[in-house]
Each structure stands twice: as C-alpha cells, then as structure tokens.
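Chains as they are written, first to last, in my numbering: chain C, 1 to 321; chain Y, 322 to 647.
Please note that a few of the clues may not be correct.
[As the list claims (entries may be wrong)] Here chain Y is said to cover these stretches of chain C; the calculated rule only asks that three of the stretch's residues, wherever they fall, bring their Cβ under 8 Å from a Cβ of chain Y:
1) 62-68
2) 104-115
3) 193-199
[Said to hold, decoys possible] Quick partial rundown of chain Y residues pointing at chain C, CB under 8 Å, derived from the structure:
4) Val-509
5) Ala-513
6) Ala-517
7) Arg-524
8) Asp-525
9) His-535
10) Asp-536
11) Val-539
12) Leu-590
13) His-591
14) Ile-593
15) Leu-600
16) Ser-602
17) Gly-606
It is worth saying that the hints were derived from the structure and are not from the lab. Yeah, the Cβ is synthetic: ideal placement off N, Cα and C, and Gly gets one too.
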Amino acid sequence: MTGMVSIRNLTRVFDVSKPWINRLVERRPKAWLTAVSDVSFEIEEKTVYALVGESGSGKSTIGKMLVGLLDPTDGSVEIRGTDLARETDAAKVDAVRRDIQMIFQDPFASLNPRWRVRDIIVEPVAARGGDTTGMAERLLEEVGLSARDAGKFPHEFSGGQRQRICIARALASGPKLIVCDEPTSALDVSVQAQVLNLMSDLKDQLGLTYLFISHDLTVVQHMADRIGVLYLGRLVEEAGPDALFENPRHPYTQMLLAAAPKLDDFGREVPPPTGEIPDPINPPPGCAYHPRCPLAEDICKKERPVMRTIEGTRVACHMAE
Amino acid sequence: MKEAVLSIRDLTVEIPTRHGILRPVDGVSYDIAPGEVLGVVGESGAGKSMAGNAVIGLLTPPAHIAGGEIVVNGQRIDQLTGEAMRRLRGKQIGMVFQDPLTSLNPLLRIGDQLTETMLAHLDISRTEAEERAVAALAEVGIPGAAERVNSYPHEFSGGMRQRVVIALALCAEPSLIIADEPTTALDVSVQAQIIALLKRLCRDRGTAIMLITHDMGVIAEAADRVAVMYAGRLAELGPVREVLMQPHHPYTAGLMGSTPLASRGKDRLHQIPGAMPRLDSLPGGCAFHPRCPRAAARCSSAPGPLITDGDGRAACWFPLDREGVA
C-alpha cells in the first residue's frame, strides 16, 4: 500500500483576541486558540482513516486544512507528495485538488436551495469546463436515487436523500480522497445505516480513500481501518479498530469508551467520567489530559508526552505500556 | 404496580391544515410509575416530542389534543385552562429540553431563576428559596454552588448548563420530569454524567422520568421500560431488555439492526428500505407496512392488533416471536 496523505506536525492557531480598543481599555493581551497542535499521521490509499474526539478537539479543523479550506499555521499536509499550501506549480496543485472532495454534516446547509439538483451535482466538473452530459443522472442512480430527480430542488428531498445528493456531488469530479465531516450525525439511525452502507459500497467500487470525522464511536468502529483519537487538538492515540476498542492504551480513550452508551449493557452503573475539556486558550501544561487523568504523576504536569509506538498502536502518554 | 404518576390513554394530537387534518400522535397509551424511567424512542417525525409537549400543555397552536386523556397524579389535565396548567407546570411536571442555552434566561443570574420558580410554586420565604437554590445546584453536581448561584448562564459550559436546567426542573419537587433529548447536544463523556445524574435523582427522590430520545444507547443505559413510536403510533412498549434484544415489532427489530454494534464487526448494516412516511400521506392500515419485510395483504387494510406479552405489548399482525414465548 502507498501513502495517500501524509500529515506532519500540523498546527493551527486562531486569533481569538477581542477588538483592539477593548484590549486597550481592559489591558488584555492578544488571545490565541490552538485548535490543532503538532498532529502527525498518514492515510494509506483505499483505506478509511477516522478521527474521533469531542467538540473542540480539532477534528474538523484538520479536515478543513486537508482540503485546503484553511491554511496550516505550522507543519504540512502532503497529498501524494504535493504540499498544497507551499507548492508553487499551479498545474500540480490543480491536479491534486481535483482528487479531493468533501461531504459536510448538515445536508440542509450544504446544498444551494435555489439550484436544481442537476446543477448542484455537476458543479465541480462544470466549474472546470468539463463535459457534464448525462452525468447528474448517472450519479443519482449510483447513489440510489432516481435519474428523474435531477430536475428537482433540494427542498423536495428528505435529510438522507440530501446527503446522497451531497455524496453524488462529491463523486462528480472522480476524486480519490473524500473528507467526510460527520456525514451521518444529522440523520436518523435507519437512514444512517443506508448512508453508511452506500459509502462502504462506493469505496469498494471506486477505490476511494476516506478521512472520516465523527464523534460517534460505534460508527467509527464500523467504518474505519485506522482510528486517531484527538483531545484538545492533540493526537493522543492511533490504532486499528480492534486494537483500539479491545485494548485502548491512552487513559482518555479508555474514558471515552467507558462513557459511550452501550446497547447491550442494561442499567449499567459505572462511575461517570469527571471533569470537562479544559479551555483551549489556556491548555494545561504538559499532557493536556492530566487534570482528569487517574494515572497522572508529576512528569505529566511538566512534559508533553511524545508519540510512542507500542505493538502497532501509537500513543502519547507517559504511563502507557 | 404502584399508582402511575402519569397515565396517558388513547392520546391523539391533531393539526388542522389546508390539506386536511394531520395526526402527529394517534391513539397512544402508556403509564409511568414513580421512580421509573420510561424511554420514548423513534426517528424524527415519530411524534415522540409532540406527545411530551401535549402532556405539559405546550403544544403550539393549531396543534391541539383531539382525543384521549392525560392523568397526572390522579388529576385529569388535558382539559385544564391555560392558567391552571401554568400552576401545574413546574410544580408537578418538570421539563428538560435539548438545548440548555435556550431554556435559560440569559439576563438573569441562575440563582434568581431558581428562586423565582420556587417562589411561584412553593409556599416558602425568599431566604429559604435562596438556600434551597444552592442546595439544588449542589445536588446536581455543580462545584462551588454557593458562588455559582450568582453566575449568568453564559458563564457555564454546555454540560454544566444542562445541570442547571435539571436543577430548575427539580426545584419545585415535581413528581414527573419530561426530558426531551436532554443529552443530544452534549459530548459523550458529559452525556454519561447527565444520564448518571438523572438516574440517581430518579432513584433517590422517586421522580418519574419520561426520557425522549432517538439514541438507542441512551435508552439501553437509562430506561426501565421503553416505548417505540412510529408515525405517531406506539409500535411497541415493554421492559427495555426485552424490547431491544427480542423485539416483537419488525420496526424495532429493523431499528436495532441499523445501529452499528461492536459485536457485529464490519458486516453490512441492516437497512430498513424507504423512509418515515410524511404525515400528510400516511399509508393505510399499519403505517410501517410499505417498509416491513413481514407485511401481507391485511397489514394495509387495518392497523396491527395489540398483542400483549407479560409487561410488553406490540401492535402488529405478524409479530416476531420472543424466545420461550408463544
């Protein structure tokens, strides 16, 4: 297998300062929010790499940097050896961009209500001047809708059908890599099952690679070949689904798995996790998880743990064995 | 069974429109006993929230209760006037909504919101109400409750705000709490904390909880009994373990099959074909029949008959057998 995406020491900092006049009056310094901090991972071709984490963990920010909607503050995103943010050869950038598409969470917000479905779907190709004859009809059938739907408007469809239209649009330019940002979070379970099955089928048929961003551990376990767990913008653990769910090594992953509701565990009484995600503007020193960690010792408060590989699992924890 | 806190009989909610009458809730009956958590599940448009809103009298006109009765602590409440309902709401029935930010007044300190509720419903002095407000916040697990009563809602995180809303729902000591998707807007770790809190309150105080959610995992974890709704009707009702693991109704079985489960590995998920029908074009007979693998001719002519099995019941012509039960 070859690497499709290579992310190295990726960091993104946002300026969340108040307006300068407020800062002057209240004597406050500028405020910086580190949404993604020194994250490195690779995505192999034709695999599903999932990023999981709670709100504010930086998973969507990574997805946006990957497709080029945001520029990295530091570090690099290389797609097939091309660094989109630094490459100067326009033809090369264009060729790589053609291979990337994105599916968003909210199918109600990501389709233009004034456009017909046909125009929405062929837009990625039409914008580059490609031939689009019959393309919308073919794609609609591929995602399980009817060719006649091409003339309709988005409001005539349900949430699950709209997400299928979003998938058809993402497929139009014949991409190799699709970034899916919470693609089923807005859908009901029975519709979610339809969309997840469709995504798996398309991946096998077309040889796609997915970066799958989700907060839902069961969905991730079902879809992913490799899972990265994020906490406060840092990658804390990365492993295959079996290793991660059976033998989580980072205390945060362990907490997350214990907290997720289980369908086959009735009336379970477990002590719920303590604390909440700290303020990302002033993250705790050392390991960001140490204030909530049951294993934390002095070193965790002082030194940020480096990523180590233990039996195929990458984990950033001083205590992991 | 102890006398039910809430008892709903044949509840029907109608919305008159230009194109005819819609029935988002159609002939639903269930009871909730003291100290019991009844989970109400269903997909969007199943009528689960509409049934909850009918109970607390918060239906938005033109939606109205068109039939059936709602009895809370022995008192029939579906025909009460607005003023009588207002006195009951908060006192006997507490409410927790999905979004904690919109349930709190952003301009009032949370201590004031709590005391205001207590003074409206309980016969106590302001000083006593203020003491109780601190106690209520401490009970729902807000650290430093004595100082935090003076904070505004925006100063709390999402999970803490939901705790405040729960404290607010509890402060007049109602016997029933209706929690409509209380953890949907929260992260998993915070969700686990809120579920544990609701269960503890339920056990310690004997409060009955109607937990409305679309998340089967939350139901499995928190509920004692579960009611599965489909297109405004009750598809199945029973003890949570039996309904989720050995469902009678094909819709419940389909829902469980579509949920990704650790034990199933990466096999394809079971799909229920089609989508929930729109209210203005409900199929005749059993509303689920166009999507049902077991449907036959008579499913389209009349709704499924109610079959009972121990504490459970299901509305289906061709129910799935439960192991060991005929």
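Verification of the supplied hints:
Under the rule that three or more residues need a Cβ within less than 8 Å of chain Y, the assignment of the segment 62-68 of chain C is violated, with 0 such residues. Coverage of the segment 104-115 of chain C by chain Y is violated [criterion: at least 3 residues with CB-CB distance below 8 Å; count 0]. With a threshold of 8 Å between beta carbons, the proposed coverage of the segment 193-199 of chain C by chain Y holds, since 4 of its residues qualify and at least three are required. The closest approach between the C-beta of Val-509(Y) and any C-beta of chain C is roughly 5 Å, which is under the 8 Å cut-off, so the hint is satisfied.
Taking 8 Å as the C-beta cut-off, the interface hint given for Ala-513(Y) holds, the closest approach to chain C being about 4 Å. Interface hint status for Ala-517(Y): upheld, as the beta-carbon distance to the closest one in chain C is roughly 4 Å, under 8 Å. Annotation: interface hint on Arg-524(Y) violated; nearest CB of chain C at approximately 10 Å, more than 8 Å. The interface hint given for Asp-525(Y) is violated, since its Cβ lies 14 Å from the closest Cβ of chain C, which is over the 8 Å cut-off.
Among the interface hints, the one on His-535(Y) holds; its C-beta lies about 6 Å from the nearest C-beta in chain C, closer than the 8 Å criterion. Because the beta carbon of Asp-536(Y) sits about 7 Å from the nearest beta carbon in chain C, less than 8 Å, this interface hint is met. A least Cβ separation of about 5 Å between Val-539(Y) and chain C falls short of the 8 Å threshold, and the interface hint therefore holds. Contact between Leu-590(Y) and chain C, as hinted, is supported at the beta carbon level, the nearest pair being about 4 Å apart and thus within 8 Å.
With its C-beta approaching chain C no nearer than about 7 Å, His-591(Y) sits inside the 8 Å limit, and its interface hint holds. With its C-beta approaching chain C no nearer than about 4 Å, Ile-593(Y) sits inside the 8 Å limit, and its interface hint holds. Given the 8 Å rule on beta carbons, the hint for Leu-600(Y) is violated: about 13 Å separates it from the nearest Cβ of chain C. A cut of 8 Å between beta carbons decides the hint on Ser-602(Y): the least distance to chain C is about 13 Å, and the hint is violated.
Look at Gly-606(Y): its Cβ only gets to about 20 Å from chain C, farther than 8 Å, so that hint breaks.
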